[in-house]
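Protein chains: 2
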Amino acid sequence: MLYSVEVKVMPLKELLDPQGKAVMGGLENLGIQEIRDVRVGKLIALQIEAADADSAKKIAENAAKKLLANQVMEFFEVRVL
Amino acid sequence: MLYSVEVKVMPLKELLDPQGKAVMGGLENLGIQEIRDVRVGKLIALQIEAADADSAKKIAENAAKKLLANQVMEFFEVRVL
Chain A
1 MLYSVEVKVM PLKELLDPQG KAVMGGLENL GIQEIRDVRV GKLIALQIEA
51 ADADSAKKIA ENAAKKLLAN QVMEFFEVRV L
Chain B
1 MLYSVEVKVM PLKELLDPQG KAVMGGLENL GIQEIRDVRV GKLIALQIEA
51 ADADSAKKIA ENAAKKLLAN QVMEFFEVRV L
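Same order as they appear, the protein sequences are chains A and B.
Residue 1 is where the first sequence starts when you use our numbering, and the numbers rise one by one after that.
Residue 1 is where the second sequence starts when you use our numbering, and the numbers rise one by one after that.
Don't read these hints as lab results, they were simulated from the structure.
Computed from a predicted structure; not experimentally measured.
By construction, the Cβ of each residue, glycine as well, lies at the ideal position given by its N, Cα and C atoms.
Please note that the accuracy of each hint is not assured.
As the list claims (entries may be wrong) - Anything over 12 Å on all C-beta distances counts as not near chain B; from chain A, calculated:
| no. | residue |
| --- | --- |
| 1 | Glu14 |
| 2 | Leu16 |
| 3 | Pro18 |
| 4 | Gln71 |
| 5 | Val72 |
| 6 | Met73 |
What the hints assert, rightly or not - Quick list of in silico lysine-lysine cross-link-like pairs, BS3-like style, CA-CA up to 27 Å:
| no. | chain 1 | residue 1 | chain 2 | residue 2 |
| --- | --- | --- | --- | --- |
| 7 | B | Lys65 | A | Lys42 |
| 8 | A | Lys57 | B | Lys13 |
| 9 | B | Lys42 | A | Lys58 |
| 10 | A | Lys42 | B | Lys21 |
| 11 | B | Lys57 | A | Lys13 |
| 12 | B | Lys65 | A | Lys57 |
| 13 | A | Lys57 | B | Lys58 |
| 14 | A | Lys66 | B | Lys58 |
| 15 | B | Lys58 | A | Lys42 |
| 16 | B | Lys57 | A | Lys66 |
| 17 | A | Lys58 | B | Lys58 |
| 18 | B | Lys57 | A | Lys42 |
| 19 | B | Lys66 | A | Lys57 |
| 20 | A | Lys42 | B | Lys42 |
Based on the provided sequences and hints, a complete structural model is requested.
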């Protein structure tokens, strides 16, 4: 069966996120003042052929560890939709 | 109150996603064969000061339209956590 799986990859909370800071500056320049913090990450949508949702999740976690996330600087979360 | 809001920005389904295709090639080279499609988008995590969740959502939608998403090539979804 084909499963839709989302892998969220975000910069570690301990690290600065210069892209997020730049976006926050941009929003302030546009007059949007209510935003206190911005962090920018990636969202990777996968279509996975697997026997069940659990296997699909395992395949996505393996892909995240091997390629999608750099665990020195990023953490990831996998969600089967 | 401070609300955590996630803005998901993905390439439109009608468009090719060359970054997604590259990631899929990379996964195949790593021996991960079960993945049928990959699309790569952005996930922007915002901390928004607002009176209620509904206002926080409106502020995030405004930010997405004005800066975070390019609606010619991308669609976005806002989720208050």
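request  = Just double-check Val72/A for me: nearest Cβ-Cβ distance to chain B has to come out over 12 Å.
outcome  = Check passes; 18 Å lies beyond 12 Å.
request  = Would you mind confirming whether the straight-line C-alpha gap from Lys66/A to Lys58/B stays at or under 27 Å?
outcome  = Status violated; Cα separation ~37 Å.
query = For the pair supplied as a hint, Lys65/B and Lys42/A, is the alpha-carbon distance within the 27 Å limit?
reply = Between Lys65/B and Lys42/A the Cα gap is close to 19 Å, so the pair holds against 27 Å.
inquiry  = Hint check: Lys57/B vs Lys66/A, CA-CA at most 27 Å. Holds or violated?
reply    = 35 Å, violated
message = Hinted pair, alpha-carbon criterion (27 Å max): Lys58/A, Lys58/B. Please report holds or violated.
response = The hint is violated at about 36 Å.
ask   = Taking the closest pair, is the beta carbon of Leu16/A still more than 12 Å from chain B?
value = 14 Å, holds
ask   = Lys57/B and Lys13/A: Cα distance at most 27 Å?
value = 23 Å, holds
ask   = Given the hinted pair Lys57/A and Lys13/B, is their alpha-carbon gap at most 27 Å?
value = Given pair Lys57/A, Lys13/B holds - Cα atoms ~23 Å apart, limit 27 Å.
inquiry  = For Lys57/A and Lys58/B, compute the direct alpha-carbon distance and say whether it is at most 27 Å.
reply    = 33 Å, violated
inquiry  = Against the 27 Å threshold, does the CA-CA distance of Lys66/B and Lys57/A hold or violate the hint?
reply    = 35 Å, violated
ask   = Going by Cβ atoms, does Pro18/A stay more than 12 Å from chain B at every point?
value = Pro18/A is indeed farther than 12 Å from all Cβ atoms of chain B, at 14 Å.
27 Å Cα cutoff - pair Lys42/A, Lys42/B = 4 Å, holds
The earlier numbered hints that this structure contradicts are 12, 13, 14, 16, 17, 19.
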